[in-house]
Amino acid sequence: LQAEQLLPLIPRACGRMIAKTVRSAAANLTIKARLAGKTLVPEKVYIKSCWSGLGPMGQMRRVMPAPQGRANTFKRKVCHLTVTVSDEAGR
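Residues in the sequence shown are numbered consecutively from 650, following this note's numbering.
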């Protein structure tokens, strides 16, 4: 995958996370192909689609200590990353 070489070069933390997810999706595809009795070359795996969606917001409330014994709440923002891979080049 060419994406495995390009994604770690993105100067943000999300580049490494997306690279990990793409690597995992490609590994899952090769395992499924092996169980189905097909031969799949890992270099011929293509990213069909990739998107991120909103994650659970209400459950991720956190508390940070504040001056004079108080506590401030903040929401930790998370998202769900979905990567679809295929063994055929998409159009």
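Treat each hint with caution, since some may be false.
Stated by the list, open to error - With a straight-line Cα cutoff of 25 Å, these simulated DSS-like cross-link-like pairs (lysine-lysine) come out:
{"#": "1", "residue 1": "K697", "residue 2": "K681"}
{"#": "2", "residue 1": "K669", "residue 2": "K681"}
{"#": "3", "residue 1": "K697", "residue 2": "K687"}
{"#": "4", "residue 1": "K697", "residue 2": "K669"}
{"#": "5", "residue 1": "K693", "residue 2": "K669"}
{"#": "6", "residue 1": "K726", "residue 2": "K687"}
{"#": "7", "residue 1": "K693", "residue 2": "K681"}
Said to hold, decoys possible - Label pairs and their calculated CB-CB ranges:
{"#": "8", "residue 1": "K669", "residue 2": "M713", "range": "26 to 32 Å"}
{"#": "9", "residue 1": "R711", "residue 2": "V690", "range": "30 to 36 Å"}
{"#": "10", "residue 1": "G702", "residue 2": "R672", "range": "50 to 56 Å"}
{"#": "11", "residue 1": "T670", "residue 2": "F723", "range": "53 to 59 Å"}
{"#": "12", "residue 1": "K726", "residue 2": "C699", "range": "35 to 41 Å"}
{"#": "13", "residue 1": "L730", "residue 2": "I680", "range": "18 to 24 Å"}
{"#": "14", "residue 1": "K726", "residue 2": "L684", "range": "35 to 41 Å"}
{"#": "15", "residue 1": "G664", "residue 2": "P691", "range": "17 to 23 Å"}
{"#": "16", "residue 1": "K681", "residue 2": "G704", "range": "23 to 29 Å"}
{"#": "17", "residue 1": "R725", "residue 2": "K693", "range": "17 to 23 Å"}
{"#": "18", "residue 1": "T688", "residue 2": "R710", "range": "46 to 52 Å"}
{"#": "19", "residue 1": "K681", "residue 2": "R719", "range": "15 to 21 Å"}
{"#": "20", "residue 1": "T733", "residue 2": "V712", "range": "34 to 40 Å"}
{"#": "21", "residue 1": "I680", "residue 2": "W700", "range": "20 to 26 Å"}
Quick caveat, the hints were computed from the structure, so don't treat them as lab data. As the structure is a computational prediction, the values presented were derived from the model and not from experiment. Cβ coordinates follow ideal geometry from the N, Cα and C atoms, glycine included.
K693 paired with K669 [C-alpha distance capped at 25 Å]: OK: K693 and K669 at ~18 Å, within 25 Å.
Outcome for the supplied range 17 to 23 Å, where the beta carbon pair is R725 and K693: Distance hint for R725, K693 is violated at roughly 38 Å.
Restraint check for K726 with K687, where alpha carbons must lie at most 25 Å apart: The given pair, whose Cα atoms are some 40 Å apart, is violated under the 25 Å limit.
Range hint compliance [Cβ, K726 to C699, 35 to 41 Å]: violated (19 Å)
Assessment of proposed distance window 18 to 24 Å (beta carbons of L730, I680): Since the Cβ atoms of L730 and I680 sit about 20 Å apart, the hinted range of 18 to 24 Å holds.
Given hint K681 paired with K697 - CA-CA distance at most 25 Å: Holds - the C-alpha atoms of K681 and K697 are around 16 Å apart, at most 25 Å.
Range hint compliance [Cβ, T688 to R710, 46 to 52 Å]: Hint holds: Cβ distance 49 Å, inside 46 to 52 Å.
Beta-carbon spacing of K681 to G704 - inside the hinted bounds 23 to 29 Å or not: holds (26 Å)
Restraint status (C-alpha distance of K697 to K687 at most 25 Å): Holds, at about 19 Å.
Consistency of beta-carbon spacing, M713 to K669, with hint 26 to 32 Å: holds (28 Å)
Whether the CB-CB distance between T670 and F723 falls inside 53 to 59 Å: Hint violated: Cβ distance 26 Å, outside 53 to 59 Å.
Restraint check for K669 with K681, where alpha carbons must lie at most 25 Å apart: It holds: about 18 Å lies between the C-alpha atoms, which stays within 25 Å.
The structure fails hints 6, 9, 10, 11, 12, 17, 19 (numbered hints given earlier, in ascending order).
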